[in-house]
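A.B. asks: This is what each chain is made of:
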Amino acid sequence: MRTGVVALAVAVLVLAPLLPEQARAQFSFDARRVGMGGVSLSRDGNARRYNPAYRAVKNKGLAAGTGAPKFSIPIPLGLIDFFKDHPINHLGDDPMFNPDSAAFNPIALLDIVFNPPIFLEVKKAPRPTNDVQFTIGRNQLIIDLGATKVLIPEQDFGLGSTSRLFDAGAGFGGFNVGVMGFLEYDVRFNLDSTLRNFLVSDSTARPNTSYFVNVDGVAQAGLAPTVSYAGRIVKGIGGDSTDDGLYVGGALHYYLGATYGRAVGPAGFVTGNPVLGATPTPLLDGNVFNSTKANGHGIGGDIGMVWISGPFEVGVGVDDIGAELTWSHTKIQRYLYTTSTNSVSRTVIAPDTTTKTKLPVTYLANAAIHMGTGTTVGGDVINSGRGTVIHIGAEQRTGPFAVRGGVSRDQRKKMQFGVGGGVRLGALGLDVGFWTHSNSLSTQRAITMATSISIY
Amino acid sequence: MKALATALLIFVAACGEGNAIFNVDVLSFLSASDSVKRFSVPVGIGQADSSVARRFFLPPGFGESAADSVSASATASIIDTAGSGSVQFDVFFARTQAALFTGTPYLSANSGAMVAGDSVRLLPPTTVSLADTVFQKDTVWVGIRARINKNIANTMAGRFRLNGLNVRIVVRGNIL
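Residue numbers (this note's numbering), protein chains in the order written: chain A, 1 to 456; chain B, 457 to 632.
For the record, the hints were derived by calculation from the structure and aren't laboratory data. There's no promise every hint is true.
Stated by the list, open to error - List of simulated lysine to any residue pairs, SDA-like, C-alpha gap at most 25 Å:
#1 A:LYS149 x B:ARG624
#2 B:LYS493 x A:GLY137
#3 B:LYS593 x A:LYS149
Every value quoted in this text rests on a predicted model; they were computed, and no experiment measured them.
Based on the sequences and whatever the hints tell you, model everything.
C.D. replies: Now the structure itself:
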């Protein structure tokens, strides 16, 4: 038991810094967006998701017969590569998915979960190639990470996402009544200063010292009956014959939480004296919150506006304003590793109490100019509570062909680049896009090739 | 120790293509009674062994032909307090305890002829073992033996002290 707990704790300590940053928020199954660095030049995708005013704006591509397709179908070339390495008829025996296997690698599994191998990785991010030295003795534990030290994050890090799994409804005159499904998860790690100093500067473990990571993870999901309005309140010079004007939108959600869970606490180990005179004592003291009934409830809203004037448009949207859910039946348990019994004990702190959670507020600002020469240039800035992402991209259409390019600044504030192209033959289009991305294991970029079929 | 090694190996797997080098001070994990042995071989016995066997845990990943190379080095000293003879110092590694002290030792040194009052420092040459199957399991046994050889008509007594035993295991970065 103790061995397992220490292995888990130490693995968490050393693996936590290497977890992928913020699950690729910019990830898209549309090769067109990929080729433009993640920006969406049409009035779908991010625009409608984060700005309720866009519900009242016609999709320019659909309206004009050019530009945006009705929908895109990804061509999952990456899955072919994946299943070549992991035959689907042997997944049960695959070391990647079998924790009992000596070759089980949780990092690789996490990478698959958060970065599904849909598209082809044409250039993998090189991992650090320096040697890592461990000096192990009863009186000493020295870890020299070499150049890998630069990968140890200075601030908290983690991964998270807020999704609207579906959003269905009906209405008239700009009003809409419907229901949406929401899912939010956020896991954050923070290296204690002693641990960080050990990994980055000192390299030598001290006796009778705690080394740990503070973990705070929350996940919640549910439904939200919604009443919304979107409409054009000011028309442009062209009247109804153009899209010009000022659009506003708003939505009021009554969140009905189905389930939620949260875990908070440190995980690590305490060295002995001498340092490795005995197996280090696990340090595990966390509180786990979970809803015992599907009765989370709360109110929140979205607002947005769009202004369109000829070829130019700009929009701003804010989602989940004031979205705080109250969970009236929450169980709080404490999980504590006890050295004397060599086990993790569970104590119910509160069998049925009330707790609150929040959904992060999301902001989107976007602008685009549709030139008459087949050129469209646009950009957006989005922040879903986990760092700001900026996309700027352009598309040039000439006959059936399209050339695209773009740049973005990701949540780690690194510049990424996209380039792509496509060909449209009637109602069918084939698009390809390349984009760079970074992960926590490398200071260099990887390149993914996305391919998709567009239906116009 | 096993847990720590396992976690470190997982970390190495996550790190990438570089090598993971484990420098293990084996001596530090032995007790004082294991590293210092007094011996006294009476008349009538020509050869006697004084030995120690201890088990060490390795990370599970070692079972996948991961240990690229293993090098071992040691130092020891013999003090002859009575009688004459010689002492053979051997270090063995094996998968099981039963397999210890058989075959060729990894480290070996001989004191040569000694008489009472002699003190000899033993410095067996460092050995390097490539793709050693002994280390392809999650445990490894370490055996240290001092074999006393003397004339059957004499008594020989003295002290054997292990001054250092280090193992350097190089694991390829992409081990999993």
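A.B. asks: Hints first: check each against the structure and report whether it holds.
C.D. replies: Results for each hint:
no.	hint	in the structure
1	A:LYS149 x B:ARG624	holds, 22 Å
2	B:LYS493 x A:GLY137	holds, 21 Å
3	B:LYS593 x A:LYS149	violated, 30 Å
In the structure shown, a violation is registered for the earlier hint numbered 3 alone.
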